[in-house]
Amino acid sequence: MNWRGELIAAGAFAIRNLQMASRNVFLIFELLFWPVVGVVQIGLMSQFLTLSAEEKSFVLIGQMAFSIVGTCQLDVAYSVLYDFWSKSMKHHFLAPIGIRHLTVGSWVVGILRGTVVFGLTGGLAWYGFGFNPFAAGVMPVVALLVGCYLTAWIVGVFVCVLILLFGGRAETAAWASINLVLALAGIFYPVSLLPWWAAAVGAAIPLTYFLDAYRAHFGFTAEFAFPVVTGLVLSALYVALSHVTLHAAVNRARRTGLLLKMSE
Amino acid sequence: MLAIDAREVAKTFRAGLIRRRETPALRGVSLTVERGAVFGLLGPNGAGKTTLLSILATLLTPDRGEVYVLGLDVRREADAVRRRLNMASGNASFLWNLRIPEILAFYGRLYGVHGATLRRRVDELIHTCELDAHRRVPYNELSTGLKQRLALAKSLLNEPELLFLDEPTLGLDPDVSARLRRHIASLRSERGMTIVLTTHYMREAEELCDEIAFIKAGQILARGTADQLKRQIAIGDVIAFRLDPGAGARLGEMTGVLRATPTSDGLECTVDSAEKRLPELLAALHGEGATVRGVAVREPQLEEVFVELAR
Ligand SMILES: Nc1ncnc2c1ncn2[C@@H]1O[C@H](COP(=O)(O)OP(=O)(O)OP(=O)(O)O)[C@@H](O)[C@H]1O
Ligand SMILES: [Mg+2]
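Residue numbers (this note's numbering), protein chains in the order written: chain A, 75 to 338; chain B, 202 to 512.
It is worth saying that the hints were derived from the structure and are not from the lab. Since we're looking at a predicted model, the values are computed, not measured. We put the beta carbon where it would ideally sit given N, CA and C, even for glycine. Careful, some of the hints might be misleading.
Stated by the list, open to error - Listed below are the simulated BS3-like cross-link pairs for lysine-lysine, each with C-alpha atoms no more than 25 Å apart in a straight line:
hint, chain 1, residue 1, chain 2, residue 2
1, A, Lys-161, A, Lys-335
2, B, Lys-431, A, Lys-335
3, B, Lys-431, B, Lys-417
4, B, Lys-431, B, Lys-477
5, A, Lys-335, B, Lys-417
6, A, Lys-161, B, Lys-477
Said to hold, decoys possible - Here are a few chain A residues that sit away from chain B, every Cβ distance over 12 Å (derived from the structure):
hint, residue
7, Ala-83
8, Leu-123
9, Gly-136
10, Ala-247
11, Pro-264
12, Leu-267
13, Ala-310
14, Val-318
15, Leu-334
To be verified - Short, incomplete list of chain B residues facing chain A, as computed with Cβ under 10 Å:
hint, residue
16, Thr-251
17, Met-288
18, Phe-295
19, Leu-296
20, Asn-298
21, Arg-310
22, Tyr-340
23, Ser-344
24, Ala-379
Make the full structure from the sequences, and use the hints.
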């Protein structure tokens with residue numbers, strides 16, 4: 075493998091996402107407004123319900139993870155969505171690149187933006203509601219963020235798959251799916267509270283394990299053994315699966331002509 | 202050496218899950234194009250031109266047939282093919298927010314160009330495609346002509362050996378399209394690029410293309426140089442007489458005269474061969490005592506060939 079070539083092609087998508095983000099007024103909303111509003115709402119609600127410090131940390135962690143995953147997966151989805159919206163899809167599939175360049179490059183920008191969101195919401199949770207994300211040290215936070223980014227990558231790639239399979243019709247489904255995934259991962263409640271079938275789906279989502287691992291540092295008994303390792307293994311599986319699926323979706327789009335249709 | 206060798210290529214578009222619709226776009230097209238040639242694809246709307254170009258450019262997988270581009274199999278060696286070709290179309294579109302240098306740099310990187318080389322190449326292309334004055338304008342504020350030139354610039358980023366142009370001068374004013382045509386011609390003469398283009402402008406095809414293939418309903422009906430096509434399609438020569446009104450009314454019945462249409466100042470006869478028929482027609486006019494004020498013989502235009510074939 076030619077690493078230089080890999081970096082240049084992936085870098086192309088990273089630079090493009092950054093350029094687009096820098097021109098987008100709604101970036102303020104994606105990056106500042108919604109995450110901040112989310113934490114403020116959840117923080118105030120926990121005060122109103124006079125939740126214990128542990129319970130408050132539980133829901134605040136959930137809300138932060140929600141914002142981080144949401145922001146990061148958006149960047150991955152943008153790698154295909156921008157071209158879908160601007161009808162320029164065919165140009166990059168005409169070039170000698172692999173889908174990995176597209177997903178990795180845009181994911182890197184997603185990680186950057188996710189980290190900004192973490193800084194903002196974490197700072198706010200600490201300053202406004204007395205929840206220190208670093209209370210248990212740095213490593214748990216790193217593990218949680220890695221979990222968020224991996225989950226976002228996977229979700230983002232699957233959104234790209236939906237767009238390439240169904241075109242514009244998939245857009246709403248794509249946005250709904252992220253909320254469903256997060257609801258099943260138990261952002262505001264332990265997964266054990268869900269009906270068994272939903273809990274089973276939740277147990278298949280990597281983020282569930284990373285949240286579990288992080289919350290164990292805040293006085294909650296872990297629901298899973300070796301959550302971080304399980305989360306990483308699951309993530310690796312899904313990353314592979316999502317990329318294989320995206321590859322197949324691109325090939326299908328080349329066969330059906332959807333790639334051309336999305337460019338006119 | 203062949204740049205393109207396509208054999209019996211077929212493609213049918215299928216849509217709809219329950220009520221399946223099938224659109225046959227190509228029905229067994231075979232096409233060869235020599236390296237260094239400028240090749241034109243002509244044909245009515247929906248003939249399959251874009252479909253054929255897309256298959257050759259690896260954007261579309263054929264249902265059937267074999268396609269070799271620059272000696273490589275487009276299915277098995279797609280990436281190697283992609284490195285060496287590029288495509289621009291008249292209805293190209295790019296990210297609305299980005300500026301010309303950003304768009305070019307993005308696609309340049311996808312072809313592995315980077316650093317100082319990338320900057321130099323982007324600058325050169327902006328210069329040769331006359332985009333200098335618009336460097337800072339976001340894409341969606343560019344005029345059609347500028348967008349088209351940007352699409353051409355993008356397609357030259359990887360210095361392709363083979364270039365596909367799908368209606369490159371669509372919607373351009375005569376001056377801009379003439380300049381674009383000169384640019385396209387220079388790509389071949391200066392860099393030896395093989396170019397395959399589609400167009401609905403016959404003058405463009407005659408001016409640029411060494412050879413033309415005429416495609417209709419997914420099949421190639423004829424191929425050759427513009428002159429060969431005109432002869433091959435045998436719609437004959439046109440003899441235009443300037444006559445008094447009503448004169449020569451019976452010329453249409455003579456042998457060798459395919460058609461006789463009255464014009465504002467006389468009569469236009471389409472004949473199988475002007476050489477053979479002109480003396481006979483003149484003799485007939487002389488016989489009926491008509492005054493012949495002028496005679497002009499002209500070859501049929503490519504446009505007439507097109508209309509004849511498209512019928
Ligand atoms: N992506 C697609 N999906 C479904 N059908 C398609 C697609 N692209 C083309 N077709 C159909 O295939 C046929 C050939 O279309 P194509 O675009 O190749 O024609 P064309 O010769 O380029 O026409 P034009 O001169 O209008 O550009 C048409 O009937 C068209 O409707
Ligand atoms: Mg077309």
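Evaluation of the provided hints:
1. A:Lys-161 / A:Lys-335: 9 Å, holds
2. B:Lys-431 / A:Lys-335: 35 Å, violated
3. B:Lys-431 / B:Lys-417: Distance ~17 Å between Lys-431 of chain B and Lys-417 of chain B Cα, so the pair holds.
4. B:Lys-431 / B:Lys-477: Within the cut-off at roughly 18 Å; holds.
5. A:Lys-335 / B:Lys-417: 21 Å, holds
6. A:Lys-161 / B:Lys-477: Judged against 25 Å, a Cα distance of about 56 Å means the pair is violated.
7. Ala-83: 6 Å, violated
8. Leu-123: Label holds. Min Cβ-Cβ 43 Å, cutoff 12 Å.
9. Gly-136: 34 Å, holds
10. Ala-247: 16 Å, holds
11. Pro-264: 40 Å, holds
12. Leu-267: 38 Å, holds
13. Ala-310: 26 Å, holds
14. Val-318: For Val-318 of chain A, whose nearest Cβ neighbour in chain B is about 18 Å away, the distance exceeds 12 Å, so it holds.
15. Leu-334: 6 Å, violated
16. Thr-251: With a closest approach of 7 Å, the Thr-251 of chain B hint holds.
17. Met-288: At about 6 Å, which falls below the 10 Å cut-off, the nearest Cβ of chain A leaves the hint on Met-288 of chain B intact, so it holds.
18. Phe-295: 5 Å, holds
19. Leu-296: Holds - the Cβ of Leu-296 of chain B comes within 10 Å of chain A, reaching about 5 Å at its closest.
20. Asn-298: 4 Å, holds
21. Arg-310: Holds, about 3 Å.
22. Tyr-340: Cβ of Tyr-340 of chain B sits 8 Å from chain A, so the hint holds.
23. Ser-344: 17 Å, violated
24. Ala-379: 26 Å, violated
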